[in-house]
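Asks: Given the coordinates of chain P, assemble chain Y onto it according to the supplied hints.
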Amino acid sequence: MLEQELADSDSEDDAINALTPAPAEASDAWDARPGRKRLRTGAVAAESCPPHPGFMHGMCIRCGAVLEDDEATGLALRYIHSGLRLSTAEAERVRQRSMRRVMDSGKLLLVLDLDHTLLNSTRLTDVCDEAGTLLDALLEREARAGAPPSLHRLAHLNLWTKLRPGVRAFLEAVARHFELHIYTHGDADYARAMAALLDPGGRLFAERVISQADSQQQHVKDLGVVLGAEAAAVIVDDTAAVWPQHAANLLLVERYIFFPACAERFGSTQRALLDEGRDEDPARGMLAAALRVLLEVHAGVFAAREGDPARDARVALAAARRRVLAGVRLCFSAVIPRGAASPQAHALWRLAEELGAQVADAPDEATTHVVSARDRTDKVLWARQHARFAVSTLWLHSCGVLWCKPDEQDFPVAEQRPLQLAPVRSEAQDLAAAMAGAGGGRGWASKPL
Amino acid sequence: MFFHLQLEREIELQPKHFGPRLAEILHKKLRTEIEGTCSGRYGFIIAVTDILNTGKGTIRDGTGSATFKVQYMCLVFRPFRGEVIDCVVSSVNKVGFFADAGPLQLFVSNHLIPDDFDFVSTDEPAFVSADEEVRVQAGAEVRMRIVGTRMDATEIFCVGTIKENYLGVINPAAAAVG
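Respectively, the protein sequence lines represent chains P and Y.
Taking UniProt numbering, the leading residue of the first sequence gets 1, the next gets one more, and so forth.
Taking UniProt numbering, the leading residue of the second sequence gets 1, the next gets one more, and so forth.
Next comes chain P alone, as it looks inside the complex (with noise of 0.2 Å):
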């Protein structure tokens, strides 16, 4: 009897032999012993392997033999499962194939960050007692208005999180053009939160949501994870720093800052938008800009023909940033010191050329605005006298921001003062506070650099 035998048996082998179904040919077969971890190439659907395409838990996917010990080889992807790295060629077998399969249903891939892009979360510690009563005040008025509140009080993580205002259209919206991707430095635990409160139907993201543990390297972002292909993703993040190897498929968008204590996190001049007892308006800000430059980027794309180069998502969004400022040629007055070495290697002249733009040392006929720090200038009586237009220089960055040309009437060179800036702070330091900020500050990502 089966319970006999292993009642008397005291070697740990005799007892998996007891249970292994009695047959002797198939016992052969499929002998599987638990504990052993010898390769073994498995008699099952062997076709290829080695080499092995990837491992669940150091058991390959395909063959079923088991690893001698865990070899950190390939990709992990823990974010499909714990245990789930798969190798080289097969991460770049998969990543085309879902190349393949998005653009051919006619879509494109979108990574997007979520603090301070698609929201902003703050621990419920940091908030003082006068801001905490505006908080609750406004918790109870959307509650009372009965639409999808846009700021939550999560108990259980301790945490205050706004949604940015009009998130919920725009993910709808791209969502019919890309496929989803949330990637953020907060840890799983905030992420999967914040995709409930973004997706409460969850068909947005399914399981396409990457955290801080699932990043290759620390404080970068890595688009190896996504499984995506280059050439068809874009990302929208608020934090450049992190996207050290591909800055040409970034949309860098404005930051979303409610809460207070983010906005001494960035030291930036700007105030957190609940101290100023505003919020963005859904149908001007930066959420809307970023939809209609990414409805830009697919069309694009798609409107290139397959094997064309500029069916790419990199050089759509260049071409869309191109798009700003076409036409127009500006010069600057009182911005770059006179008899700078090179007024080209200037970060607003950068910027103008990267929007499009022509760029001049002087006005000349065909000069069309003249960007100016100071009010007076020669420059700017120039183009008073010849009816072009003068504007500050904020006008320029709003381009940069907002992907459109704002009305120039509204940015009129200042008055005498020049333009009171925030203190320039490094990329490292801009770096260090975004990574401080995210999954709302609870600490697990903001160790020092």
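Simulated from the structure, these hints should not be mistaken for lab results.
One should not assume that every hint holds.
[Unchecked claim] Each pair of labels, with its calculated beta carbon distance range:
#1 P:His-346 x Y:Glu-124: 47 to 57 Å
#2 Y:Glu-124 x P:Arg-292: 26 to 36 Å
#3 Y:Asp-152 x P:Arg-192: 19 to 29 Å
#4 Y:Pro-172 x P:Glu-353: 49 to 59 Å
#5 Y:Glu-124 x P:Glu-142: 26 to 36 Å
#6 Y:Phe-2 x P:Ala-240: 53 to 63 Å
#7 P:Pro-244 x Y:Ser-129: 35 to 45 Å
#8 P:Glu-142 x Y:Asp-115: 48 to 58 Å
#9 Y:Asp-152 x P:Gln-217: 26 to 36 Å
#10 Y:Ile-170 x P:Leu-139: 41 to 51 Å
#11 P:Ala-428 x Y:Gly-62: 56 to 66 Å
#12 Y:Ser-90 x P:Ala-240: 34 to 44 Å
[Unchecked claim] Sample of chain Y residues at the chain P side, in silico, Cβ under 10 Å:
#13 Thr-32
#14 Arg-81
#15 Val-120
#16 Ile-146
#17 Cys-158
#18 Val-159
Don't be surprised by glycine CBs; every beta carbon is placed ideally from N, CA and C.
Replies: Same frame as chain P, but now just chain Y:
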């Protein structure tokens, strides 16, 4: 595959339970401690079916608790390489899909899904056959063959295939996963 085994386990009981209901409490404690656990040696212990012998308890020095060597019959579930098993798909992604067979989790990579199945992510992610007749999506019942098992002390994980005759979706309209 299921087995009906006789196993033994030491159960510790506090002195407050020493009374007329001792046997009852002992049995209850055995069930809560053992049912639903996984042993790397025997597989998942599904249910205790019978308690054969509790023996005489031994009082432990110092604590006053008693330990009983309980012999019991139980139903165990242990997957084998080569076994064909029916599962419910729990999630689908571009690399493959996950399925559950009771407590056991299985993964089928897209290498082991027939070549005419394509991954689609519009609406619910699924692998769909070329004629669009068959959908492998969350909630579907699938018959697969196990190609590999990984058994640790507390966990079992399997890799399976549906790329063989008579394998694949057997009931597309299964109840949604809960």
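Asks: Compare the structure with the hints numbered earlier in the document and write down the numbers of the violated ones, lowest to highest.
Replies: The structure conflicts with hint 13 only, although it agrees with all the remaining ones.
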